[in-house]
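Fit chain B to the known structure of chain A by using the hints.
Protein chains in written order, with the working numbering: chain A, 1352 to 1526; chain B, 2 to 281.
A couple of the hints might just be wrong.
35 Å max Cα-Cα, derived DSBU-like pairs, lysine-lysine [unchecked claim]: (1) A:K1465 <-> B:K178; (2) B:K199 <-> A:K1524; (3) B:K31 <-> A:K1483; (4) A:K1353 <-> B:K178; (5) A:K1524 <-> B:K166.
FYI, nobody ran anything at the bench for these hints, they're computed from the structure.
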Amino acid sequence: MKHLTTPLREKDIVNLQIGEEVLISGVIYTARDMAHKRMYEAILKGEELPLNLSGQILYYTGPSPSPPDRVIGSAGPTTSNRMDDYSELLLAQGLKGMLGKGNRAEDVVKAIIKYQAIYLATIGGAGAYLAKRIIASSIIAYPELGTEAIRRLEVEDFPAVVAIDVRGNNVYKDF
Amino acid sequence: MRFINSQDIIEKVAAAVIKANTVLPTDVFKAIANALVYEDSLTARNIIEIILQNAHIAESEGMAICQDTGLVVVNVCLGQDVHIVGTSLETAINEGVRIAYKAGYFRNSVVNDPILRVNTNDNTPVIINYQLVSGKELSLTISPKGAGSENMGQLAMLKPLVGLKGVKDFVLEVVKKASANPCPPIIVGVGIGGNMEKAVQLAKGAVLRPINLRNELAYLADFELELLKAINELGIGPQGLGGRTTALAVNVEVFATHIASLPVAVNLSCHATRRVTIRI
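Isolated chain A (complex conformation) (with noise of 0.2 Å):
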């Protein structure tokens, strides 16, 4: 199983492939669709970013309340293709990884091809097991928007499978 450390490098991404197994440390950002909204919006209006996007992942999550004994509460995976419009400018910032469920539109792949980058799938529906990878967790932007804010996660050893690798193959089955 091989092990990614954020911020990804060019070189600890190039040779991934697809169905490939990894287990993701250090920091990732978790986004969906009012955060990638925002930051859309943002970019179009020349302003300035809450967070450096270069090298880093970005998480598709909206996770549960946390309870006070506990980081976060369930925090699996929500369905990709929701940000696809959204992520072509954001990999234009220097984004490396986007992670969540299900396949993504062509127009994804191919800026996935144009700016070196991976998208890895996670487990949909094992939100309580995925929490226990998180070791801390605070919002970071965007706090009025609640479970969709910007969250910035420390993660050990969370589970992912190569799903989009930097050359464009795609693990999902085209049909």
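Just chain B, lined up with the frame of chain A:
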């Protein structure tokens, strides 16, 4: 006439909602575990192991099985000799859900309006379906469901003479299009007949039937197994990453229909299918 106090309903609904979101139904757990018997892809096996461990963690630590604790649907079977005292049944059910989502630290996933989209912050309103039956019992089937699988359902108004072959083609088309999105291994609910609304109701009911039970009509029981085999031969596999286990079961329900109609609805449910029935 039997009297039921609405406070009793509130408390029992709240407890059932917490259970539904944290304890995977036994038939679903067993079917997932059974997939290890015939699944030979290493990634598929690892995913299934994680899903089973997830169920253990959720139950033992009272965590949500999935962070998408969804929109709650409550199917009410109300005995006609029951009289509810206190607040209305609708108010009581919504209050029970409100209490459970706060107490369970479940995510509030409901917005007030499909276009304006302001979170209601208590996961209400609940979708309630009422059925009036004979007797003195109030039974409630509570099923919180996430959007990943719900978004992938479809309805078709087929030409009647395409028969079971046409139905099968449509079901396979829906499952292929859904691919990884509904979090396979999935449960496939198929409603055939009635009209538009009835077909969808049948499919929604089918997906909630325990998956170890086959349809009582022999031709439909055979059709369920035929569909399951065809779906699992697609190779979509757990999480769409390849394997033999795309669906855990296919449940089909039928109803009378018009001479010119063959409505078919397909409702998909993820491996974290959640349901609890309570009887008061």
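So, going through the hints one by one against the coordinates:
1. A:K1465 <-> B:K178: 27 Å, holds
2. B:K199 <-> A:K1524: 33 Å, holds
3. B:K31 <-> A:K1483: 24 Å, holds
4. A:K1353 <-> B:K178: 31 Å, holds
5. A:K1524 <-> B:K166: OK: K1524 (chain A) and K166 (chain B) at ~24 Å, within 35 Å.
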